[in-house]
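Top line first, the protein sequences correspond to chains A and B.
The first sequence: position 224 = 224 (full-length UniProt numbering), numbered continuously.
The second sequence: position 321 = 321 (full-length UniProt numbering), numbered continuously.
Heads up, none of these hints are tricks.
Under the rule of at most 25 angstroms between Cα atoms (straight-line distance), these lysine to aspartate or glutamate pairs were calculated in the DMTMM-like manner:
| no. | chain 1 | residue 1 | chain 2 | residue 2 |
| --- | --- | --- | --- | --- |
| 1 | B | K520 | A | D29 |
| 2 | B | K382 | A | E55 |
| 3 | A | K385 | B | E61 |
Read the hints as simulated data drawn from the structure, not as lab findings.
As the structure is a computational prediction, the values presented were derived from the model and not from experiment.
Protein chains: 2
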Amino acid sequence: MPSKQKIVVIGGVACGPKAASRIKRLNPDAEVTIIEKGELLSYAGCGLPFYISGEVESHNELMATPTGVVRDTFFFHKVKGIEIKNHTLVKRVDRKNKCIDAISILSGANVEIPYDKLILAVGSKTQVPPIEGTDLNGVNFLQTVEDARKIRNESGALKGKKAVIIGGGLIGIEVTEAFKKQGMEITVIEMLDKVMGQLLDPEIAYHVHKEFAANGIPLKLSERVLKINGDDRGNVKSVTTDKGEYPADMVLISVGVRPNIQLAQNMELEIGETGAIKVDANLRTSDPDIYAGGDCAENINRITGKPMYAPMGSTANKHGRIIADNICGIDSRSKGVCGTAICKLFNVNVARTGLTEKMAADLGYDTITVLNPSPDRAHFLKEAKLIIIKLVVDRNTKKLLGAQIVGPGDVAKRMEVAVSNIASGGTVIDIAQYDLAYAPPFSPAMDNIITAANIAENKLNGFGKSYTPMEVKAKIDNNEDFIFLDVRSPQEFEEMRIEDPRVKLIPLGKLRESLDQLPKEKEIVAFCKISLRGYEAERLLTGTGYPNVSYMDGGVVCWPFEKFVAG
Amino acid sequence: MPSKQKIVVIGGVACGPKAASRIKRLNPDAEVTIIEKGELLSYAGCGLPFYISGEVESHNELMATPTGVVRDTFFFHKVKGIEIKNHTLVKRVDRKNKCIDAISILSGANVEIPYDKLILAVGSKTQVPPIEGTDLNGVNFLQTVEDARKIRNESGALKGKKAVIIGGGLIGIEVTEAFKKQGMEITVIEMLDKVMGQLLDPEIAYHVHKEFAANGIPLKLSERVLKINGDDRGNVKSVTTDKGEYPADMVLISVGVRPNIQLAQNMELEIGETGAIKVDANLRTSDPDIYAGGDCAENINRITGKPMYAPMGSTANKHGRIIADNICGIDSRSKGVCGTAICKLFNVNVARTGLTEKMAADLGYDTITVLNPSPDRAHFLKEAKLIIIKLVVDRNTKKLLGAQIVGPGDVAKRMEVAVSNIASGGTVIDIAQYDLAYAPPFSPAMDNIITAANIAENKLNGFGKSYTPMEVKAKIDNNEDFIFLDVRSPQEFEEMRIEDPRVKLIPLGKLRESLDQLPKEKEIVAFCKISLRGYEAERLLTGTGYPNVSYMDGGVVCWPFEKFVAG
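Please work from the sequences and hints to get the whole structure.
Rendered as structure tokens:
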């Protein structure tokens, strides 16, 4: 490695500054330059919704280190010894002569910057749907600090006005809460039949949908935006879908992002099947002197081993470190990602990783699934809140393929255990013996994820036949004949119940003495509030010689359809 | 397996009922009996401090399932088909004839109960220190619901009165908070120089000590109780230590528990080196028809592979399941425990797993340690709170030996990742690539535990020499000559600083231009608030040719000694 190696980083948000900083720490002699087309560097892009909501007062806070040091041009130069060329646009990269041809946006001057190693950290761009009206005043996207400042200034003035959010993904959900905090009236329009697109199975997304309703926010699912309409001064006034028209003083479009690959294409670097820049495990592109990381680069899915596009600030930071290592002679390799994501909507948290049940089925996996609804800490504490864990497990390898967790309680902690388990290469059953941290304010004695792993083990071993709520609903919709056996107490039944002629109430404590009410030739599907008693009932009836008994995963709590609720 | 196998469980709190219930689920034909000397079954012993505090109103709540079903004798009999013999004392077990000789405490009648398989789940008993006065009125222990009811009745009447807690372990800490919530005036006396005994290293325990002080609770460390004094009516009036006397209207003794092994000893079962009942991985005792689990049984330490005594409700439940499996013909094996523990004291949470630095040193491990103090979520959110992660890593295998986490923020989530990593059998460096769930309300973009793993990797690779705060303090106490270089801003320095003549302030941004103030021949130890800038300074100076530079782990935040704080 030459002692005065010239490293150039294109892109100054997450991966780029991370790589540049670590290179200088590992090799203080390296000459490191960051080229950024905007003004700002190293800001927390994921924090933009919290700046819009007003929770973060100044955008400077998004650029600070945890101890409050603002990472501006001065900081990078003075503290880190990194040269910053912001307001600078790269026009062309001459790979043969290893030279970058750029232009200063402010002065118009041309700059030539030679490199030994080049890092592309050029990020992603928001997708613009191919409809009329996306360029009207009041139609916004959210990717840069500038975008957020524009929205916040407008939304300050728009208090009480109407906003339409197009797209119910992670950004759409976070901005819904931000707009609500700013006192706006919001409608969310999502093309698919659930929020977060393919990231959630329907019975998990259901609980997020309920939270929109609980906060009085219309969520229009399976509705396609046809057109954004403006007035004669070019200001947005409404959004037309295939089902109606919604008045709008402001529109936010959040229908996903795509990798920035224009420059890489011009340089004739290889583009992967996902449309992002192709890199190897060392994050090297098809040119061995050029690395790519963050939102512009492809990842490997840790579960399937296949390429995936999963732009995420946390991954971008990991990429920065890996690239720096490799440039400084350390053979660091990315192990890929699981597609983990988490967000909150008011009082509901939702997290996911790996494959959904649908993704797994589409990929041909033979799976079992688990639904475990239970309080997130000792149930006798008032702070205890529900979380619902869904696991998707490979029946053959017994490995966890994916997890989804939703509810008002602490979903994040259990998600981290699922993610750690996937990374371990072990089976889902291993989780059952993790010595997790137990005390009543933090978890039940058997942590929710341990119970979920135990249920998975039971299912893998064939103890207790069960149906998912979706399967039971399909049986009902097919007019199948079975006893839908509710084993809760009469009081619980009065308060909330599934209304269907198949439903029969026999409290678990009375089941042994009520067998005459249950014909042996009929199929029986038992359930309770969370299907702990439902499982007991299945075991009891099967043990008594009933030939066709199962329980319904997750009980009434996980029934993602209409149900009767008293009062 | 005979179809009407007779299974007898001795002990009805956690492991016993768990095993009994699962046996009935796996083998409904089995005849399962639980013998319990007390009245109550299957209660959450760990919830007792929260019943004392009044957070849990009725002790029945401690006996309920998460859906509110009370697990009383009726429940076990009627719902689970398990026979309960409570108020029943086992006198003798005839292993040869497989028969239990018991006595009904209420009627005085003798009972003979034959068994095919026997499960000992007889728990632990609180230790009674060998001092005078432990039998006075007002001197309490805390292990059973009866203990808790007695304390709560007294403490209700004792509002504003004085309590002395002997023992600063997990129970002592939880009861401190409970007593405070009941309006009592508390003094805590601990024989060792820190709370939680051997479970924490001193620089972590320091932050718990500060929380006692912040809540106005005298914590008397390194103080030995000599005697509990009573008045002439046999009521407690004070506690005498080797350093003073403390008036007391009530005393709680919480100096640990020991396994109940009397019965096992009488049965001539093998007792392990820890003093608990010796079991194999299947939790079988030295008699293959007798199993033992929960607080009476020995565990294997997952890190050292050696026996350890680690009574914990979470482990007891795991044991119950494993024993049930084995009795029903499934070869389930315990993988051991890490000694994980967690508790909260007012606004501080503290968790630990595996080996402390001291334990690891005593066992001869060559370790590196990490101290990472940082906010538990995106620093720009007002909800962000500090957590300090300490990792102890085996320098040779790069495996995590232990973790301790303390602070007002979310320590539990990161502890679960550490525990999962230890269980995975991989190295600490693996954590750096866990695709943990990131969004600003849940974590920084680089989660705290990922940053800690990255620091560990740097240290394992020899990047950046560092000292722990304890090592720096030892250098100071040895009157060593070095520059203790604070690279924070003058404002931060005014607000809080370490006061020592070696301390020299040069803000990081001015370091490059201030090298003339730093003689190359002197040793330099750099630090900042959390040692992010301290590490940068070390890199910068080392890169500039300074031969003897290091940084101090964790910065001012982790300095566990007196420091100047303005105002």
